[in-house]
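Novice: Residue strings, one per chain:
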Amino acid sequence: MRDLTIKLLAKVALAMMALLCVRSAAAQGNYEIQVYGAATVPPKTLMTELHSNYTIQGQKFNINGVIPTNHQEHETIELTEGMNNWSEIGFYIFTSEQDGHGVQWVGDHIRPRVRAPDSWHLPVGLSLSTEVGYQRAVYSPDTWTWEIRPIIDKTLGRWYFALNPALERTWHGPDIHQGLGFSPGAKVSYDFTRAVSAGFEYYADYGRLGAFDALHTQQQQFFIVTDLNTSPKWEINAGIGVGPTAGTDHLLVKGILGRRFDWGHHSNIE
Amino acid sequence: MQTKMPPPTLTRRRFTQLSGMALGSLAIPEAARAATAPDVSLVIAPYTLEASPKHHIKTVAYNGQVPGPLFRMREGQEQTVEIRNMAGDAEVVHWHGLFLPPEIDGAMEEGTPMIAPGASAHYKMVPRPAGFRWYHTHTFAGKNLTKAQYSGLHGFLLVEPRDNPAPYDREVFLGLHDWRGQFLGSDDGFMAPTYDVTTINGKMLGFGEPVKVKQGERVMMHILNSSPTEVHWIALAGHTFQVIALDGNQVPEPQTVAMLRLAPAERVSAIVEMNNPGVWVLGEVRKHVQATGMGIVVEYANSTGKPAWTQPQELIWSYRAFAKTDNTGLSPETRKIELIFDSKFQGHGNEELWRINGLPYPQNSTPEHAPLLKSGERYRLVMRNKSMDDHPIHLHRHTFEVKRLEEGAEIAGLRKDVVLVPAGKTVEVEFVANNPGDTLFHCHQQDHMDRGFMMVFKYA
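From first to last, the protein sequence lines are chains A and B.
Counting along the first sequence from 1, when you hit position 206 you're at 206 in the numbering used here, and nothing is skipped either side.
Counting along the second sequence from 1, when you hit position 169 you're at 169 in the numbering used here, and nothing is skipped either side.
Be aware that a few hints might be false.
[As the list claims (entries may be wrong)] Sample of chain B residues at the chain A side, in silico, Cβ under 7 Å:
# : residue
1 : 314
2 : 315
3 : 344
4 : 345
5 : 347
6 : 348
7 : 349
8 : 350
[What the hints assert, rightly or not] Partner residues aside, some chain B positions facing chain A, computed with beta carbon under 10 Å:
#  : residue
9  : 180
10 : 182
11 : 194
12 : 196
13 : 233
14 : 285
15 : 311
16 : 313
17 : 321
18 : 324
19 : 325
20 : 346
None of these hints come from the bench; they were simulated from the model.
We put the CB at the ideal spot given by N, CA and C, even for glycine.
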């Protein structure tokens, strides 16, 4: 009964987000699908995000003990705290819900990030994120992974561009000897109004750096996304994506609902 | 008449070298030049401002100093003016607060000719009205946050009144300015300049000459906010300000206040009674702004020690405090001009396009859209700010009377040439159209001006 309620709530949340329309993008095996922008969360601010991703059409078979992704509902809580005006630290709790499996804890990641300070006056936004974490083997054969993600972005008039050429390394699991994998993400969006932007996001996993997998086994995902800039306190994103290769879930919807909490004391003066 | 202010030694030398080169190239005999020496001489040239030993700012300045020289003039006494432009861009000098003809007021939108690089302008002007005025560049900066009002092209002008509005022992002129601006997208993606360096009289706190005072003195402080975009809040630790004049015009109700608020282009003239010996900081009230340099030390004779600062806990300022209440309402002879301010979104990577009555400049200043003034008539400008920004609104070549500030009763007697119209509020001012010629009306925020927030009023 409890599972059914949670399942219902999760689907309602996803449906609401789809209705609200949203933006954004993908890392971590469809638990957090997001192309990062270069800005960091300001100090004394906590950014809370709920990532809701549902695989409409995915892997239907149990392969090497990994639960199939088809009709999996992923709910990820992301908490990011601004450390100062050029760094932040993020923490993730990944969960999965699926018929026959109920709601399951999948794993946790921690993600420190630094950015180029404003005083550098760079023509683009630039930051560097690194992420370490664990995920259960029934959801990912590689249980301990590490990622380093350079982030470059630029806003030009109504256009926004972001590039995340991420590198991944397995610390424990079948791919431990594969070395660095190349998993880039990219985003292009356009401001249709002050509140509504829309565009495309791209996520991929090409395999080992220097010896990419064959195209049909690579992960390749393309999303149409929208962002709602309704308030500085809120982040609302949504998208629908396709994966045309055999190595990719074929159809997903994703949503992010974020809220900033400012817990610092600010005098009237400031 | 020019009053010398202490400029940095090193940069003065550079200025002298530049001036010598220019004079040599003109090949004018010294005697001939002396015979025709203008009352006001301005040389516009590149300049490196030493805001602190660690902050050298390449800019453009008048006569090799920031702020430019202080000019004192007698009201109504004709002045000969010479402006030489040795900078790389065309320039124009606006005499802010004076009732000048549009040909020399200093705005190309009114018809003042720009001064090309290497060229000069010569003219005569009759300064009026009396009061604390200023002069500054009036050009376009766009995305280059080192040009126009972002530069060092500003200076003090005092048109001496026949009688002083209040007795004082000495005057001090203080200019607030922001430097090294950059456009940053804020959380909601709007573009707003932010600044790395802020100064008073071209120096960061602790790096300029202190203002030296004596116990018992009454010091008239003439404070100018020449910032391109920023409102500033100023306090003097351990002291209060008796505000005598706003924008150079005597206020009907002088008040003693703990702090001053100055929107871009506003001036405050206030008397400070030096009755609390010590070494104090006069500076920006907001800590994060003062930390970028906006402060100056005020030092009593025979006092030593670290400058003291007392942090105020509230920002308090109201135009209303300095005005009389007026319940007479709008007179039937006064004509209303409705002006609605808003902006058009142009992408999170662009500034807004600013509009008055739905159109940016120059589209709003065509004969079918611009207000047409009749000489001698009294007008009320009803300024409705529909945008999310405050706007310091300036009317050239006229003084207006602030009549309504949204909340509360109408007011009277507060004469200004800049008024801050808060976001979402309506402010009403009245003026008499008594100075025929094209008259520029605009937001004094440089980035807003550059993005359409101007309008030219025409006379019939």
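Novice: Decide, hint by hint, whether the structure agrees.
Specialist: How the hints compare with the structure:
1. 314: holds (5 Å)
2. 315: For residue 315 of chain B, the interface hint holds, since the closest Cβ of chain A sits about 6 Å away, which is under 7 Å.
3. 344: violated (10 Å)
4. 345: holds (4 Å)
5. 347: It holds, given that the least Cβ distance between residue 347 of chain B and chain A is near 3 Å, below 7 Å.
6. 348: Since the shortest Cβ distance to chain A is 5 Å, the answer is holds.
7. 349: Nearest chain A Cβ about 3 Å off; hint holds.
8. 350: holds (5 Å)
9. 180: Holds: closest Cβ of chain A sits about 9 Å from residue 180 of chain B, inside 10 Å.
10. 182: holds (6 Å)
11. 194: holds (7 Å)
12. 196: holds (6 Å)
13. 233: Holds, because the Cβ-Cβ distance from residue 233 of chain B to chain A comes to roughly 8 Å (cut-off 10 Å).
14. 285: holds (6 Å)
15. 311: Holds, about 7 Å.
16. 313: At about 6 Å, which falls below the 10 Å cut-off, the nearest Cβ of chain A leaves the hint on residue 313 of chain B intact, so it holds.
17. 321: violated (18 Å)
18. 324: violated (29 Å)
19. 325: violated (27 Å)
20. 346: With Cβ-Cβ at 7 Å, under 10 Å, it holds.
The structure fails to meet hints 3, 17, 18, 19 from the earlier list, while all remaining hints are met.
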